[in-house]
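Participant: As given, the protein sequences belong to chains P and C, one line each in that order.
Position 194 of the first sequence, counting from 1, maps to 194 under our numbering, and the rest follow consecutively.
Position 165 of the second sequence, counting from 1, maps to 1165 under our numbering, and the rest follow consecutively.
None of these hints come from the bench; they were simulated from the model.
Here the structure is a predicted model, which is why all the values come from computation and not from measurement.
Hints are supplied without guarantee of correctness; some may be wrong.
[Claimed, not checked] To be clear about the criterion: a stretch of chain P counts as covered by chain C if any three or more of its residues have a C-beta under 8 angstroms from a C-beta of chain C, and this derived list gives those stretches: (1) 12 to 21; (2) 225 to 239.
[What the hints assert, rightly or not] Listed next, with one range per pair, are the computed distances between beta-carbon atoms: (3) P:Ile13 / C:Leu1360: 41 to 47 angstroms; (4) P:Gly142 / C:Ser1101: 49 to 55 angstroms; (5) P:Ile13 / C:Leu1364: 42 to 48 angstroms; (6) C:Leu1361 / P:His335: 55 to 61 angstroms; (7) C:Pro1452 / P:Thr206: 55 to 61 angstroms.
Heads up, the beta-carbon is just placed ideally off N, CA and C, and yes, glycines get one too.
The chain contents come next:
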Amino acid sequence: MNKPVPHLCWVAISFLIVMGSVAATNFIVDGKGAFGQTDDGAKQYASALLASPYGVVWPESERAVKLNLLKTVESECVLVGTSHVNTMHKDGFPGGGCSSFINATVGGGSMEDVVIVAAALMDRPGVSRLVIELPVWAFKWGLNQAWRQFNADYQKARSRVGLPPAHGVDANPATEFDYLISFKYFLSNLDVLRRNRGLPHPSTPTALTDEHGSNLSDADQIMRRDGAIGHSREYLATHPLPLSQVGVGDFHIVRPFIHQQAVRDLGAIVSALKSRGISVTFLLTPYHPKVFECRSPDTCEALAEVEATAYDLARETETKIVGHYDPRLLRLDAHDFFDDMHLTEDGTRNIANWR
Amino acid sequence: MLFNSHLFVFGFLPLALVGYFGLGRISERAAVGWLAAMSLAFYAWWNPAFLWLLGASITANFCAALLLSRAQRGRAALLSAAIGLNLGLLGYFKYANFLLSNVSLPTLDIVLPLGISFFTFTQIAFLVDVHRRRADEYNFLNYILFVTYFPHLIAGPILHHKEMMPQFADAANKRFNPHLFAAGIAVFAIGLLKKVGLADHVAGMADAVFLAPSQGLSLSVAEAWIGSVAYALQIYFDFSGYSDMAVGLSLMFGVVLPLNFNSPYQSDCIIDFWRRWHMTLSRFLRDYLYFALGGNRRGTIRRHINLMITMVLGGLWHGASWNFVLWGALHGLYLLINHGWRQILGQRFSHKGWRPFFRLLTFLAVVAAWVPFRAPDLQTTKSVAAALFGLDGVGLPVSWSIRFHQLAATGLVHFDGALPNDLFGDFRGALRGLGVVLLVALFAPSTQRIVPMPGATDPIFRPLHWRPSPLWGGAVGVMLAVGVLLIGGESPFLYFRF
Chain P
1 MNKPVPHLCW
11 VAISFLIVMG
21 SVAATNFIVD
31 GKGAFGQTDD
41 GAKQYASALL
51 ASPYGVVWPE
61 SERAVKLNLL
71 KTVESECVLV
81 GTSHVNTMHK
91 DGFPGGGCSS
101 FINATVGGGS
111 MEDVVIVAAA
121 LMDRPGVSRL
131 VIELPVWAFK
141 WGLNQAWRQF
151 NADYQKARSR
161 VGLPPAHGVD
171 ANPATEFDYL
181 ISFKYFLSNL
191 DVLRRNRGLP
201 HPSTPTALTD
211 EHGSNLSDAD
221 QIMRRDGAIG
231 HSREYLATHP
241 LPLSQVGVGD
251 FHIVRPFIHQ
261 QAVRDLGAIV
271 SALKSRGISV
281 TFLLTPYHPK
291 VFECRSPDTC
301 EALAEVEATA
311 YDLARETETK
321 IVGHYDPRLL
331 RLDAHDFFDD
341 MHLTEDGTRN
351 IANWR
Chain C
1001 MLFNSHLFVF
1011 GFLPLALVGY
1021 FGLGRISERA
1031 AVGWLAAMSL
1041 AFYAWWNPAF
1051 LWLLGASITA
1061 NFCAALLLSR
1071 AQRGRAALLS
1081 AAIGLNLGLL
1091 GYFKYANFLL
1101 SNVSLPTLDI
1111 VLPLGISFFT
1121 FTQIAFLVDV
1131 HRRRADEYNF
1141 LNYILFVTYF
1151 PHLIAGPILH
1161 HKEMMPQFAD
1171 AANKRFNPHL
1181 FAAGIAVFAI
1191 GLLKKVGLAD
1201 HVAGMADAVF
1211 LAPSQGLSLS
1221 VAEAWIGSVA
1231 YALQIYFDFS
1241 GYSDMAVGLS
1251 LMFGVVLPLN
1261 FNSPYQSDCI
1271 IDFWRRWHMT
1281 LSRFLRDYLY
1291 FALGGNRRGT
1301 IRRHINLMIT
1311 MVLGGLWHGA
1321 SWNFVLWGAL
1331 HGLYLLINHG
1341 WRQILGQRFS
1351 HKGWRPFFRL
1361 LTFLAVVAAW
1371 VPFRAPDLQT
1381 TKSVAAALFG
1391 LDGVGLPVSW
1401 SIRFHQLAAT
1411 GLVHFDGALP
1421 NDLFGDFRGA
1431 LRGLGVVLLV
1441 ALFAPSTQRI
1451 VPMPGATDPI
1461 FRPLHWRPSP
1471 LWGGAVGVML
1481 AVGVLLIGGE
1491 SPFLYFRF
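Could you put the whole structure together from the sequences, leaning on the hints where they help?
Facilitator: Listed below in structure tokens is the structure:
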């Protein structure tokens, strides 16, 4: 039976079945909150986190959870930045003396993250101090697309901190329709389903029964009540890395190292925050001493160029700045690092004393 | 607007089809007008500011063709003037800055209009044929559609008026033909999968390798070959994917476009390669340049010179840079060697057993020639080519240094790793993906061997012979859905910049 009209009907039917299945999965699971479905999950997670004295299992959608914490929990001091300082608690906060604290850092945190957090804080009356950690890729737009999942929030946030909408790569953000029929999003949602044992949204996260999470499996990372990460026993068994395995620190090192527009935009964000009575501090966290052997010459060049720019911006905007990329200036050594660019918990505890 | 975008698949295409066949029931001219208007909108979506240029080019060429067809004297001068005008326009937008930079003058702020090479060459061919009394066209609307027809406007295939005009004038084409429509969807789905599933998959590997020299990295032999093969596969599946989509889209409208690819990486020699790669450009260059230069009618040496000129200008057609000249010259040289080889050795190596060897040799030669084509400048070309041929020494895994330490003394080998720059992330996964795409290019049947199409000469590949059956309907629906689902961010076709 080779008739074109029934054939075309079969084309349409199979097309619709595949598209419908993918769209339904993407909409129902919505692992990254493209349709706002994750908000409830994030709220539920944040509630469980606050009710747990030692923290809970690390969430898949850390940005959604941290945004929820920022919007709902009173805090005097907030830290925004990258995984370089994701272990910091309030005792490491530069200047110290915080009555309450939220670690709002996220993996691969970028300028987009600073915008979102800054905008969220401008609507929170209790926040008086913000530390912005500046990684070597701080002065660039578009390095991390993770915030595009919160596109509506992001566009509003840009406007809130006085930046024009649709900057750079965000000129054509993915729409809800793009997410609905994205194969990539479908795969990530299948992964969410697998992790949640077939449920579209995570069940209440497992709370730790003690400081070290003895009740968790070894691979689980931990989120503490203040948003800081707690490393699993499995991670701690293999870290700090032996010197031979320490990398060259070239994560996100791509020329040009600085976009001047991003420098100007960060200056504008700082001014907007100060006008709301929030004091801002820039923080530079050091790299492993081995990185300064400059096996990756670009890394050394980038570190020097970005640090000089950060100090210039601090001077121009009259903003306090602490820290350096070079650990020798802070009297740190290899023992203070897990790997090429992450401080140990003891290492971050000393940040409060840096100059 | 891109064929591989949700806006095109769910918005533009259904609107164009419904309007065309709906109006086709009422009036033939209305249907042609609708398709022409939609084609102009398709072009304007990229940059409406250049619509005037396209409009002016069409109007001027149509008027020139009318004058040519009616004139009794001075026809050669008129043709020269018209071609000069077309080449002048192309020269200004595409080559002015190339010339200025080569004489160290400040360059101009010029934006290259999309598809200018394609619509200019299509019209030059038309003018030449009108001059030769092989063509005439007095219907302006049909002519607008001939030039702007959206499936081919941006990146070909380069159309010949005599294969298109009768189709645009045929009333039957304005009525929905379910068989052609079904074949069109199948071809479109295959093309979409080639682009988003294969070409985009290997693009990152090619980009990483060709970016590395500008970042001060020294490439190893393995890295250079992986990057070059990745680019060879990227450009093939990108452009043949685009061409399949164009042919498929056109079939949906009941119009047959010429084929543009026929498994070029399965060629036994370079001569064969050029019969299978970008076939409509090869046809144009042969008919309007090589033959115009005298072809092979004036002796062997002149034939070789003509061939070289044709290939160099063919290279320059792709873009204004010495890299494209080098690419064209390399292929010219390959063709000369191939012709010389045939002349000297005749049928001596014609046994089937030699075929895999010649196929591999041809593929490697083509891969090496893609280096200047892909590299952004001559310096990068030099770096990648030097690595490709091991001129900087062959990098071997560090662990081999104990067993083969004597080799280090030759200076030809160094043990700092086969892939010292960590360009590919999950290298094993990336290499597996590249291997699969390579196997498809080297062994899979061409689209026209799966879906029977007018103009195809190769026999149908029986195991995958498309028919309008329920089974194939289900398969095409799934392929189309997977293709649409794989559409990620904006990923323009490589040939859009030519």
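Participant: Hint by hint, say whether it matches the structure.
Facilitator: Verification of the supplied hints:
Counting residues of the stretch 12 to 21 of chain P whose beta-carbon sits less than 8 angstroms from any beta-carbon of chain C gives 8, enough to reach three: the coverage restraint holds. Counting residues of the stretch 225 to 239 of chain P whose CB lies closer than 8 angstroms to any CB of chain C gives 0, so the stated coverage by that chain is violated, three being the minimum. Take P:Ile13 and C:Leu1360: their Cβ atoms lie about 44 angstroms apart, and the range 41 to 47 angstroms holds. The supplied range of 49 to 55 angstroms is broken by P:Gly142 and C:Ser1101, whose beta-carbon atoms lie about 30 angstroms from each other.
The given range of 42 to 48 angstroms is respected by P:Ile13 and C:Leu1364, whose C-beta atoms sit roughly 45 angstroms from each other. Hint check: C:Leu1361 to P:His335, Cβ distance near 57 angstroms, so the stated range 55 to 61 angstroms holds. Distance hint for C:Pro1452 and P:Thr206: a CB-CB separation of about 59 angstroms, consistent with the stated range 55 to 61 angstroms.
Violated hints, in rising order: 2 and 4; the structure is consistent with all others.
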